[in-house]
Amino acid sequence: GALVYQYPRRTICKSGTSMRMECQAVGFQATSVAWYRQSPQKTFELIALSTVNSAIKYEQNFTQEKFPISHPNLSFSSMTVLNAYLEDRGLYLCGAKDRGEVFFGKGTRLTVV
Amino acid sequence: AQSVTQPDARVTVSEGASLQLRCKYSSSVTPYLFWYVQYPRQGLQLLLKYYSGDPVVQGVNGFEAEFSKSNSSFHLRKASVHWSDSAVYFCAVSPSNTGYQNFYFGKGTSLTVIP
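Protein sequences, first through last, are from chains A and B. Quick note on numbering: the working numbering labels position 106 of the first sequence as 106, and the sequence is numbered without any gaps. Quick note on numbering: the working numbering labels position 11 of the second sequence as 11, and the sequence is numbered without any gaps.
Bear in mind the hints are in silico, worked out from the structure with no lab data behind them. All of these numbers come straight from a predicted model, not from anything done at the bench. Among the hints, erroneous ones may be present.
Using 30 Å as the maximum straight-line C-alpha spacing, the simulated DSS-like pairs for lysine-lysine come out as follows [as the list claims (entries may be wrong)]:
1. K49/B - K14/A
2. K49/B - K42/A
3. K14/A - K24/B
4. K42/A - K106/A
5. K57/A - K42/A
6. K57/A - K107/B
7. K69/B - K107/B
8. K24/B - K106/A
9. K66/A - K69/B
10. K14/A - K69/B
11. K49/B - K57/A
12. K42/A - K69/B
13. K49/B - K69/B
14. K106/A - K49/B
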């Protein structure tokens with residue numbers, strides 16, 4: 001079956017430092033990967049959509065300078081939160097799509113102290 | 001532009017009662033429509049989806065949803081809820097102009113089922 005693994009599942013970083021999270025597609029080819037953030041008590045906000053061999057498209061309020069994304073092949077994507085501050089805390093979810101379906105990982109929960 | 005409105009932030013029902021969670025959407029292009037559920041400290045699980053055809057779609061665990069183009073709605077229903085249905089439910093749209101690759105979510109409805 002198709003699965004999406006995200007790691008780490010939980011992480012804590014000091015304010016002002018950076019944190020990298022990874023998204024691994026198993027059992028299918030992730031032609032596109034979308035990254036989302038769920039801040040405390042809020043919904044899932046789309047950060048960016050990455051399609052292999054295409055430019056990464058960031059949503060308003062999110063930038064490559066703050067959330068650089070790598071999508072080097074059809075099974076892997078990573079995103080870094082640079083200079084993390086309190087407002088960056090939350091659950092980061094990746095959704096990977098093959099030809100038909102989007103599969104979500106269980107997320108990386110980021111705490112900033 | 002896409003947006004999803006879930007007007008009820010919290011819903012409380014008794015076990016065995018029927019349930020409707022409301023969702024209205026706005027989309028400039030033909031969307032796919034989804035309902036996802038998030039259990040405490042978990043990611044998202046797909047309940048059901050609508051692409052086209054019969055406006056009533058069946059999902060997992062007895063959930064169903066009805067699409068209404070005239071009302072721009074996609075309400076979720078269940079005939080008889082169980083305490084284990086307590087969770088946060090998200091309605092989402094996926095626009096066709098991105099090849100249905102990404103989602104825009106509503107703010108979620110937190111469902112509490114009282115035993």
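Could you work out which of the previously given hints the structure breaks and list their numbers from low to high?
Those not satisfied are hints 1, 3, 9 and 10.
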